[in-house]
Amino acid sequence: MTTTVLPRVTYINVKHGVASWLLTKDHKRIGIMYMIVVSFAFLLGGLFAAGVRIELTTPQGDFVSSDTYNRLFTMHGIFMVFFVLVPVVPAILGNFVMPLMIGAKDVAFPKLNLMSWYVFVIGFCFTLYALVSGGVDTGWTFYTPYSSNASNTNVLPVGIGIFITGFSSILTGLNFMVTIHRMRAPGLTWFRLPLFVWAIYATSLVMILATPVIAITVGMMALERALGFGIFDPRLGGDPVLFQHLFWFYSHPAVYIMILPPMGIISEVIACFSRKNVFGYSFVAFSSLAIAIFGFLVWAHHLFVAGISPYSAMVFSFLSFAVAIPSAVKVFNWTATLYQGAIWWKAPMMWVFGFMGLFLIGGLTGIFLASLGLDIHLHDTYFVVAHFHYIMVGGAIMGFFAGLHFWWPKMTGRMFSDSMATLAALLVFVGFNLTFFPQFILGYLGMPRRYHAYSEEFQVLNVLSSAGASILGVGYALIASYLLYSLFRGAPAGANPWLATGLEWTTQSPPLPENFAVQPVVNEGAYEYSKREIKVA
Amino acid sequence: MPNGVGAHADAHGHGHAHHPALQHHFETLEQQHEASTLGMWVFLVTEVMFFGGLLMAYLLYRVWYPEAWSEGSLELDILLGGFNTVVLIGSSLTMALAVRSAQTGMHKATVRWLILTIILGLTFLVVKAFEYEHKWALNHIPGPNFQFEGPHARQVEIFLSLYFGLTGLHALHMVVGVSILGVITWMAHKKRFSPEWSTPVELSGLYWHFVDIVWIFLFPLLYLVDRAGQGGG
Ligand SMILES: [Cu+2]
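Chains as they are written, first to last, in the numbering used here: chain A, 2 to 538; chain B, 364 to 596.
In case anyone wonders, no lab produced these hints; they're calculated from the structure.
No farther apart than 25 Å at their CA atoms in a straight line, the calculated lysine-lysine pairs in the DSS-like style are these: (1) A:Lys-26 x A:Lys-112; (2) B:Lys-471 x B:Lys-554; (3) A:Lys-26 x A:Lys-16; (4) A:Lys-16 x A:Lys-112; (5) A:Lys-112 x B:Lys-554; (6) A:Lys-112 x B:Lys-553.
If you anchor each label on the Cβ, the simulated ranges turn out as follows: (7) B:Val-426 x A:Gly-526: 49 to 55 Å; (8) A:Met-315 x B:Leu-587: 35 to 41 Å; (9) A:Ala-307 x B:Leu-442: 42 to 48 Å; (10) A:Lys-112 x B:Leu-587: 38 to 44 Å; (11) B:Ile-441 x A:Lys-112: 41 to 47 Å; (12) B:Val-411 x A:Ala-329: 31 to 37 Å.
Glycine included, C-beta positions come from ideal geometry on N, C-alpha and C.
All chains should be modelled from the sequences, with the hints used to inform the complete structure.
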């Protein structure tokens with residue numbers, strides 16, 4: 002295969018027409034359909050962020066009113082968290098590559114998979130409706146009583162939207178978990194699984210156990226708002242802090258729904274572009290499970306100043322320190338994998354380096370916030386905003402782009418421009434740091450989050466942050482343009498452009514409708530790069 | 364390599380006969396059965412977490428307001444609740460017999476036991492509706508029109524909010540369960556199940572038993588709080 006051409010029959014051209022996509026049960030097509038909706042949500046969320054950053058270039062509240070500002074940051078959070086970060090890796094890349102990686106024809110329940118997409122779209126539509134009919138101003142956290150009886154904005158449709166979307170997440174997690182248990186190719190034992198599959202498994206565990214709790218919590222909030230039930234109502238003796246407990250019982254583990262799958266991607270890409278086995282494979286695999294499990298025991302670190310008892314605060318602070326250990330194990334093992342590797346400087350690897358830098362800062366500042374005394378100073382300041390953006394954008398989105406660039410040739414059959422992709426990675430990395438690093442300082446100096454006006458002395462850092470955000474925007478626009486361009490003009494990629502191990506690279510790109518021409522059989526571990534004759538220049 | 368693939372891409376283009384229930388992405392009926400069963404168990408785990416959020420709220424307020432809980436539970440009709448408990452346990456028996464009949468290939472018996480299960484499920488829902496209607500008449504529905512005489516009226520409103528939340532969610536599961544059983548009955552009537560393939564009956568059985576078990580927890584938690592204390596006093 003010296004001159005590569007596009008294969009004749011692929012999952013893309015096997016059937017034509019919009020209906021063939023909307024009624025498909027093919028996990029690959031469903032992954033692509035998620036990508037379209039999520040990209041749209043990302044664009045919307047980005048526009049709201051732009052509104053926020055424009056307002057914050059001046060200390061006075063002059064660009065929008067404070068009510069509009071509340072709506073802007075709320076809608077930014079809602080679209081980005083529930084419709085981008087949670088589904089971005091599992092629903093797009095997990096759907097597309099996980100069944101290929103385990104040598105299956107499809108996920109265990111293809112119809113349920115399609116239904117999950119429709120559920121997701123219906124939830125998205127409810128949220129869009131809430132947006133066009135006036136928006137929501139409660140913050141993405143929906144704390145009662147802001148959300149139950151103190152807000153006159155459209156909380157109910159958003160609540161319903163998120164309730165519905167939650168089921169998409171639950172059903173996807175269920176589907177993946179059963180798929181990984183029951184659909185693996187002959188010979189593909191648990192400890193031969195690619196680490197991305199381990200990460201998806203751990204993520205599914207979190208989706209299954211945590212998401213129902215946010216669904217019922219939003220349901221209780223909706224009952225309170227719509228029918229006047231009084232579960233969180235202080236006038237009846239109800240406790241709004243209970244809402245915060247239940248909310249974070251989901252929303253802290255949800256951070257791991259966002260970050261575990263990108264961590265899996267990092268393991269794949271680092272192994273491929275260092276031409277080495279992942280150092281300490283089983284530690285990396287089990288650290289995913291450890292994160293999934295211990296992630297359930299730390300939620301109350303969001304409530305240190307909400308009046309919880311100091312003893313439980315101490316326990317939660319300690320556990321929050323402890324949950325950093327498995328993440329650190331991963332970072333150490335990745336670093337050890339790079340050590341003495343034959344590093345191949347290609348675009349996916351650039352995104353990995355970006356991820357490692359940003360995730361490290363995000364993780365370490367998380368330790369600051371988990372410390373009881375420091376948190377009282379930093380709570381609800383821009384320090385927190387910077388911290389979680391380093392994890393959720395610096396970590397999850399950079400990791401997603403590493404995976405997208407890694408598997409793009411597999412998904413589309415075409416190569417993108419490597420130099421453009423490297424430039425985009427650099428732009429995003431610089432733009433991101435310029436946007437969010439000043440926010441650490443702002444928060445440390447005491448600038449509170451969620452206000453549309455601030456004192457004069459914070460202006461310089463805020464202008465820097467807004468300038469960084471524009472570079473970030475240019476970086477994302479660049480990615481969209483060269484990837485779209487590659488769809489039409491990209492060189493055919495061939496089955497395995499990165500000379501990677503893994504079953505997904507043994508089939509043609511784009512893959513067949515049923516993935517493999519013959520059922521693959523596995524007889525070695527996931528990253529046997531050293532056994533391969535291939536040497537990369 | 365891609366050339367030989369076109370024919371293979373069309374599902375069931377292999378030539379040899381498959382069981383009609385076998386979906387193309389599974390190798391064997393056994394694999395399909397194992398996947399479906401695991402899927403249902405995982406789903407039931409999500410259901411436990413779903414009810415768990417409400418039960419967490421129940422637990423907190425019960426610890427905070429024990430008097431309101433005992434006042435509130437005395438408002439519930441223990442006779443109707445007890446009757447419904449018996450009805451649901453009975454329906455679990457008929458459901459188990461339906462699964463057994465399907466597994467042994469007795470089509471008529473399967474249909475009969477399924478219909479009986481549906482009747483018992485509907486009985487439960489009708490009784491539940493009467494209970495709700497009674498609460499409505501007394502203005503015991505939480506919200507702006509809520510009225511209650513007693514020293515802990517406001518906390519009793521929280522109790523009743525949770526009562527309606529929990530039993531309403533449970534009733535919703537019953538409605539879904541009865542609808543599923545309707546479809547399964549129709550399939551059984553069309554002789555779709557056999558000793559080799561009775562997975563849908565087994566899965567709906569699992570779901571039905573789960574919904575019953577939820578009630579087994581709800582009945583004492585809501586109706587029997589402090590009954591012993593009241594009886595003694
Ligand atoms: Cu947290």
